[in-house]
Amino acid sequence: DAGVTQSPTHLIKTRGQHVTLRCSPISGHKSVSWYQQVLGQGPQFIFQYYEKEERGRGNFPDRFSARQFPNYSSELNVNALLLGDSALYLCASSFGLAGGRTSVAKNIQYFGAGTRLSVL
Amino acid sequence: RKEVEQDPGPFNVPEGATVAFNCTYSNSASQSFFWYRQDCRKEPKLLMSVYSSGNEDGRFTAQLNRASQYISLLIRDSKLSDSATYLCVVTHMEGGSYIPTFGRGTSLIVHP
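Chain order of the listed sequences is W and L. Per this note's numbering, numbering through the first sequence is continuous, rising by one, with the last residue being 189. Per this note's numbering, numbering through the second sequence is continuous, rising by one, with the last residue being 1396.
Next comes chain L alone, as it looks inside the complex:
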């Protein structure tokens, strides 16, 4: 079982739709969680950190469920410019070091 799993998609949605992605992780001792966005042939860019209480940034809402070991990202009112790959990142401690693990990414295509 992979440490961090994401549905690769693609999710193909019309403009204005609401879309949700999930990311599951296997290490119950994981400590920090993030969502990154990656455009084609570009570097990943931070979208938002994920806090235990959940957090919102405009049209984006991130939630963490430690009991079920998953994080989620909700995008409301999708824009064409939201088309990208969304990567979740989970970090755990191992031998005194922090080990970040990325999921393989979920591809989102927003069409007119």
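Okay, chain W solo, but in the shape it has when bound:
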């Protein structure tokens, strides 16, 4: 079975440009979350989408946006790139809302391999 897939795997951009990252969840999973991970730190939560609606937002500027499509795949968009946006961007999928109490097993997140973004 296919896991979470992300594209592209690597990306190089310059300051001021915008970028779109893509994620396909595990088949049957309805929730997608996005994280930013810089070297030496844990992943930082950006967004969670469930059933095509935003259900959680981390402490990131409005330059970051996302959406989820009817097939549950998702895009993360970042505008006006800054040098500090260079990081590994991880997508995670879960059957239900990640962190929900109703069923821990259904809310476990499975991560894709990530997109490594370099901003020059």
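Worth flagging that the hints you see were computed from the coordinates, not collected in a lab. Beta carbons are placed, not taken as given, at the ideal position from N, Cα and C, and that holds for glycine. Accuracy of the hints is not assured; some may be wrong.
Okay, derived cross-link-like pairs now, BS3-like style, lysine-lysine, Cα gap no bigger than 27 Å in a straight line [to be verified]:
1. L/Lys1329 / W/Lys99
2. W/Lys121 / L/Lys1329
3. L/Lys1329 / L/Lys1363
4. W/Lys121 / W/Lys99
5. L/Lys1363 / L/Lys1326
6. L/Lys1326 / W/Lys99
Computed, partial: chain W to chain L, Cβ under 8 Å [stated by the list, open to error]:
7. Pro112
8. Phe114
9. Gln117
10. Gly183
To give an idea of the interface, some chain L residues facing chain W are shown, with a C-beta separation under 7 Å as derived from the structure [stated by the list, open to error]:
11. Glu1327
12. Ser1381
13. Pro1384
Chain L: place on chain W using the hints.
For chain L alone, coordinates are given in the frame of chain W:
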């Protein structure tokens, strides 16, 4: 104060050793807890969920102490392959949404 704190290590232990990691969290309303493992330049992978009653999976034992607001991970009989970064994740509710927060990770190096 960070919401989720972990000792970054590294913890450098010989094969066969027992090692324990702690992770403290600041939000008393936190609802779900997990340990993930991350190998160098790879994605995080779930190691185990953490339940209130504590749980064990082979050589790994996870415990939750809500009163003191920490979770722990115990690894017995360490293997070379256990070398990785161990991330704790704590989720709380905020404005009707679940917000997962990762710690920065604890690095474990198991040597022969």
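Minimum beta-carbon distance criterion (8 Å), glycine 183 of chain W to chain L: Hint holds; glycine 183 of chain W Cβ to chain L Cβ min 6 Å, cut 8 Å.
When the least beta-carbon distance from phenylalanine 114 of chain W to chain L is tested against 8 Å, hint result: holds (5 Å)
Hint check: 7 Å Cβ-Cβ cutoff, proline 1384 of chain L to chain W: holds (5 Å)
Are lysine 1326 of chain L and lysine 99 of chain W close enough, with their CA atoms no more than 27 Å apart? holds (24 Å)
Is lysine 1363 of chain L within 27 Å of lysine 1326 of chain L, Cα to Cα? holds (19 Å)
Taking only the CA atoms, is the gap from lysine 121 of chain W to lysine 1329 of chain L under or equal to 27 Å? Given pair lysine 121 of chain W, lysine 1329 of chain L holds - Cα atoms ~25 Å apart, limit 27 Å.
Proline 112 of chain W as chain L interface residue, shortest Cβ-Cβ below 8 Å: holds (5 Å)
Holds or violated: lysine 1329 of chain L with lysine 1363 of chain L, Cα cutoff 27 Å? holds (18 Å)
Pairwise hint evaluation, lysine 99 of chain W against lysine 121 of chain W, where the allowed Cα distance is 27 Å at most: holds (8 Å)
Measuring from the C-beta of serine 1381 of chain L to each C-beta in chain W, is the shortest one below 7 Å? Serine 1381 of chain L check passes; min Cβ-Cβ to chain W is 4 Å, inside 7 Å.
Close enough to count: is the Cβ of glutamine 117 of chain W nearer than 8 Å to one in chain L? It holds, given that the least Cβ distance between glutamine 117 of chain W and chain L is near 7 Å, below 8 Å.
Residue hint glutamate 1327 of chain L, partner chain W, criterion CB-CB below 7 Å: holds (4 Å)
Every hint, counting from the list given before, is met by this structure.
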